[in-house]
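Each chain, letter by letter, is given below.
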Amino acid sequence: MTDDSLDFPSRRRALGCLAYGGAGTLFVLAGGVFTPLDLAAAAADADRTARLGRPLFVQLSDTHIGFNKEANPDVDATLTRAIDLVNAMPEAPALLIHTGDITHLSRPAEFDHAQQLFSRINAGEMHTVPGEHDTSDATVSEYYSHFGKSSNNKGYYSFDHAGVHFIALVNVLQFKPGGLGTLGSDQLEWVEDDLKGRSASTPIVVFAHMPLWSVYEPWGWGTGDAPQLMAYLRRFGSVTVLNGHIHQIVQKVEGHVTFHTARSTAYPQPAAGVGEGPGPLKVPADQLAGALGISTVSLVKHPRTLALADRTLA
Amino acid sequence: MNLKMFLAAGILAASLCAASNGAGAAEATIQVSAKNFMFTPGSVTVKAGTTVTWVNLDEEPHTVLSDAGLFRSSALDTQERFSFKFDKAGTYRYLCTIHPRMLGTVVVE
Numbered sequence: 001m002t003d004d005s006l007d008f009p010s011r012r013r014a015l016g017c018l019a020y021g022g023a024g025t026l027f028v029l030a031g032g033v034f035t036p037l038d039l040a041a042a043a044a045d046a047d048r049t050a051r052l053g054r055p056l057f058v059q060l061s062d063t064h065i066g067f068n069k070e071a072n073p074d075v076d077a078t079l080t081r082a083i084d085l086v087n088a089m090p091e092a093p094a095l096l097i098h099t100g101d102i103t104h105l106s107r108p109a110e111f112d113h114a115q116q117l118f119s120r121i122n123a124g125e126m127h128t129v130p131g132e133h134d135t136s137d138a139t140v141s142e143y144y145s146h147f148g149k150s151s152n153n154k155g156y157y158s159f160d161h162a163g164v165h166f167i168a169l170v171n172v173l174q175f176k177p178g179g180l181g182t183l184g185s186d187q188l189e190w191v192e193d194d195l196k197g198r199s200a201s202t203p204i205v206v207f208a209h210m211p212l213w214s215v216y217e218p219w220g221w222g223t224g225d226a227p228q229l230m231a232y233l234r235r236f237g238s239v240t241v242l243n244g245h246i247h248q249i250v251q252k253v254e255g256h257v258t259f260h261t262a263r264s265t266a267y268p269q270p271a272a273g274v275g276e277g278p279g280p281l282k283v284p285a286d287q288l289a290g291a292l293g294i295s296t297v298s299l300v301k302h303p304r305t306l307a308l309a310d311r312t313l314a
Numbered sequence: 315m316n317l318k319m320f321l322a323a324g325i326l327a328a329s330l331c332a333a334s335n336g337a338g339a340a341e342a343t344i345q346v347s348a349k350n351f352m353f354t355p356g357s358v359t360v361k362a363g364t365t366v367t368w369v370n371l372d373e374e375p376h377t378v379l380s381d382a383g384l385f386r387s388s389a390l391d392t393q394e395r396f397s398f399k400f401d402k403a404g405t406y407r408y409l410c411t412i413h414p415r416m417l418g419t420v421v422v423e
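The listed protein sequences correspond, in order, to chains A and B.
Just so we're aligned: 299 in our numbering is position 299 of the first sequence, and the numbers increase by one with no gaps anywhere.
Quick note, our numbering runs 314 ahead of the 1-based positions in the second sequence.
Some clues are possibly wrong.
[Stated by the list, open to error] Far from chain B by the CB rule (all over 10 angstroms, computed), these chain A residues:
1. Asp76
2. Ala77
3. Thr80
4. Gln115
5. Arg120
6. His133
7. Ser151
8. Val191
9. Asp194
10. Lys196
11. Lys252
12. Gly290
[Claimed, not checked] Computed list of lysine to aspartate or glutamate pairs in EDC-like fashion (alpha-carbon distance at most 20 angstroms, straight line):
13. A:Lys176 / B:Asp381
14. A:Lys69 / B:Asp391
15. B:Lys361 / B:Asp401
For the record, the hints were derived by calculation from the structure and aren't laboratory data.
None of the values given here were measured: they were computed from a predicted structure.
All C-beta atoms in this analysis are idealised placements derived from N, C-alpha and C, irrespective of residue type, glycine included.
Please model the entire structure based on the sequences and the hints provided.
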């Protein structure tokens, strides 16, 4: 993470949250640019939230239902805590976006249980993309049988809400030796078609599981053919790119494009390159909630922008 | 004999059985270690007809996917195993779909 990548107050707040632990990010659309808001702050400071816009969606990620190892023996409890935070928001978000690794081992019982837990969330539609932990069954079918309806079982799709165009992408199916995620030519062609004819002033939100920019290639924290995707998005005035996968917040802004990875609700992972690999990071039990979180995005009308906030589960 | 002892005896018998099979039918075991995110050994050479067994010794799950689509395991949790019998000579490359920088090779002679 680079500290000089963003000079917004919300950025400093996000870093402050990281020090306490993790819970989620709220996204606010303000003036065509998404800005993250601290979810705890959003709940505690309704005035500020109103100033920044109405909650558009909440991003949950890496819930890893089924994980039961030392790094977090009770992932149900931490997801429930995250859901309680969403349900305590002054205004229910219209959308809930899950950026993958819903389950730990792609087992039917894990997907069933996750759906049961999600059913408590007080939000509008739920949208998901699969993580590599959701597609690790031998037939790669369980994710689709539980969450494939929105995309006609393709996994990738787009939709519109409140004047914002959302694009859900899958980058965990065509792994290349070496580890980076891949979108593949079929999906890239579909994105190109999907964006054709859209006004450059339409705010765009793109979400996928693995980072769509190079965070740390030795650990596969990137997507090999993402530059082609970014070429299609370059003409748009407000692009927000959201991912999970790395279980920590990393953010950067490049021109009109904001890249943001969300925390997990299950367990943290080490910072890029620290230790032997990107496995579950064990932290003292009293620090776990502070290392987990959710994100929220709100829509700000004047100027038309998206504002993004992170909050921990502490 | 209490139940625990009975089970322990059963496991011992099974491993003895596997060992004796090894002499005749050739059996190789490749261990998957996620402590350093590597298949160990990364390359193994076996005779045609050999069954190779992967066992995950890490807390992270791993999978085994043949790049030619010949075999694909489900996610293996800690201590779970996956086996595949190699009948034909050739070089078979595979990776873990969860950590695709984990690569391995089985050479069948």
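- Message: Beyond 10 angstroms on every Cβ pair: is that true for Lys252 of chain A relative to chain B?
- Response: Lys252 of chain A clear of chain B: closest Cβ-Cβ about 23 angstroms, beyond 10 angstroms.
- Task: Could you check that no beta carbon of chain B comes within 10 angstroms of the beta carbon of Ser151 of chain A?
- Result: holds, 20 angstroms
- Query: Can we confirm that no CB of chain B comes within 10 angstroms of the CB of Val191 of chain A?
  - Reply: holds, 22 angstroms
- Item | Exclusion check [Lys196 of chain A not at the chain B interface, CB over 10 angstroms] | Answer for Lys196 of chain A: holds, closest chain B Cβ roughly 32 angstroms.
- Task: Examine each Cβ of chain B, and state whether all of them lie more than 10 angstroms from the Cβ of Arg120 of chain A.
- Result: Label holds. Min Cβ-Cβ 26 angstroms, cutoff 10 angstroms.
- Query: Quick one, are Lys69 of chain A and Asp391 of chain B close enough, alpha carbons at most 20 angstroms?
  - Reply: holds, 11 angstroms
- Query: Once the closest CB in chain B is found, is it more than 10 angstroms from His133 of chain A?
  - Reply: Not fine: 6 angstroms to the nearest Cβ puts His133 of chain A too close to chain B.
- Is the nearest Cβ of chain B still more than 10 angstroms from the Cβ of Gln115 of chain A? holds, 19 angstroms
- Per the stated criterion, does the least C-beta distance between Ala77 of chain A and chain B lie above 10 angstroms, as a non-interface residue requires? holds, 19 angstroms
- Item | Interface-negative label, Gly290 of chain A against chain B, beta-carbon threshold 10 angstroms | Its Cβ never comes within 10 angstroms of chain B, the nearest being 22 angstroms, so this holds.
- Interface-negative label, Thr80 of chain A against chain B, beta-carbon threshold 10 angstroms: holds, 23 angstroms
- Do the alpha carbons of Lys361 of chain B and Asp401 of chain B lie within 20 angstroms of each other, as the hint requires? At roughly 9 angstroms apart (the allowed maximum being 20 angstroms), Asp401 of chain B and Lys361 of chain B satisfy the hint.
Hint compliance for this structure: hint 6 is the single one not met.
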